[in-house]
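So the sequence lines, in the order shown, correspond to chains H and U. Terminal number for the first sequence in the numbering used here: 145, no gaps in between. Terminal number for the second sequence in the numbering used here: 263, no gaps in between.
It is worth saying that the hints were derived from the structure and are not from the lab. Small disclaimer: the values here were computed from a predicted structure and weren't measured. Here a beta-carbon is modelled for each residue, glycine too, at the ideal position from N, C-alpha and C. Just to be clear, a hint being listed does not mean it is correct.
As the list claims (entries may be wrong) - Each computed BS3-like pair below joins lysine-lysine, with the alpha-carbon atoms no more than 30 Å apart:
hint, chain 1, residue 1, chain 2, residue 2
1, U, K248, H, K64
2, U, K228, U, K239
3, H, K64, H, K19
4, H, K19, U, K254
5, H, K44, U, K223
Said to hold, decoys possible - Part of the chain H face toward chain U, derived, beta carbon under 10 Å:
hint, residue
6, G17
7, S103
8, I125
9, I129
10, K142
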Amino acid sequence: MKIEKYPVIVGATSMVYEFVSEGSKGNISKLVIYSETHLHNFYNLGFGDKDETTGKINDSVVTNNGDSEKVLATVAATLYEFTNKFPEAMIFATGSTKARTRLYRMGISNNLDSIKPDFEVFGLTAEKEWIPFEIKREFEAFLVKRKKVNL
Amino acid sequence: MKKAKTTDKKLTILKVDKKLDRYLDKGLFKEKVDKANHILKTVGLPKFAK
Chain H
-5 MKIEKYPVIV GATSMVYEFV SEGSKGNISK LVIYSETHLH NFYNLGFGDK DETTGKINDS
55 VVTNNGDSEK VLATVAATLY EFTNKFPEAM IFATGSTKAR TRLYRMGISN NLDSIKPDFE
115 VFGLTAEKEW IPFEIKREFE AFLVKRKKVN L
Chain U
214 MKKAKTTDKK LTILKVDKKL DRYLDKGLFK EKVDKANHIL KTVGLPKFAK
């Protein structure tokens, strides 16, 4: 199934993306940021709502703007642009709350058919073990890496 | 009018705005980055395909 996506504005580094969610609660600016960690090529994917007044980012809210599938498909699609620039990147994602982690899981599940041919996708179990992602299984965090293309 | 760039998997890019990169210096999502570093240290990485 093809899910619609929002158009994005991208930073010059390809590490920051902004788009506008349009739904029942109005227009809400969203930011997706790939942040460096202590390990080279290991990035955290953060995403949240931008408060247009303060400029602050809220990553703990579940907005309920009625367009979560489209929002998550857009976030998933940024993986392609990011890994076009950083093909060796490993991308870590987790929610700031259990509800947000479930949202991430839903995003991966809904977009798995699209993502899986191009990315290895892992989930971190409660036993602190990385295993290949399984739909409907609870995970604490997620990790994706673009598959190498054999030419 | 410039045509928006479309990448594989149809991410439509309206424009590149280097001002967005200022967010990289703001320490956003610090708790999550700390968690990522903690998991790296305590769990490590999965076995990726070669």
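Quick rundown of the hints versus the structure:
1. Distance check on the hinted pair: U:K248 and H:K64 sit about 27 Å apart at the alpha-carbon level, within 30 Å; holds.
2. For the suggested pair U:K228 and U:K239, the alpha carbons sit about 22 Å apart, so the restraint of at most 30 Å is met.
3. About 15 Å separates the Cα atoms of H:K64 and H:K19, which keeps this hinted pair within 30 Å; it holds.
4. For a cut-off of 30 Å, the pair hint linking H:K19 to U:K254 is broken: about 41 Å separates their Cα positions.
5. The hinted pair formed by H:K44 and U:K223 meets the criterion: a straight-line CA distance of about 24 Å does not exceed 30 Å.
6. With its C-beta approaching chain U no nearer than about 18 Å, H:G17 sits outside the 10 Å limit, and its interface hint is violated.
7. Hint on H:S103 is violated. Least Cβ distance to chain U is approximately 17 Å, over the 10 Å limit.
8. The criterion of a C-beta within 10 Å of any C-beta in chain U is met by H:I125, whose closest approach is roughly 8 Å, and the hint holds.
9. The interface hint given for H:I129 is violated, since its Cβ lies 18 Å from the closest Cβ of chain U, which is over the 10 Å cut-off.
10. Satisfaction of the interface hint for H:K142 is found here, the shortest Cβ-Cβ separation to chain U being roughly 8 Å, below the 10 Å cut-off.
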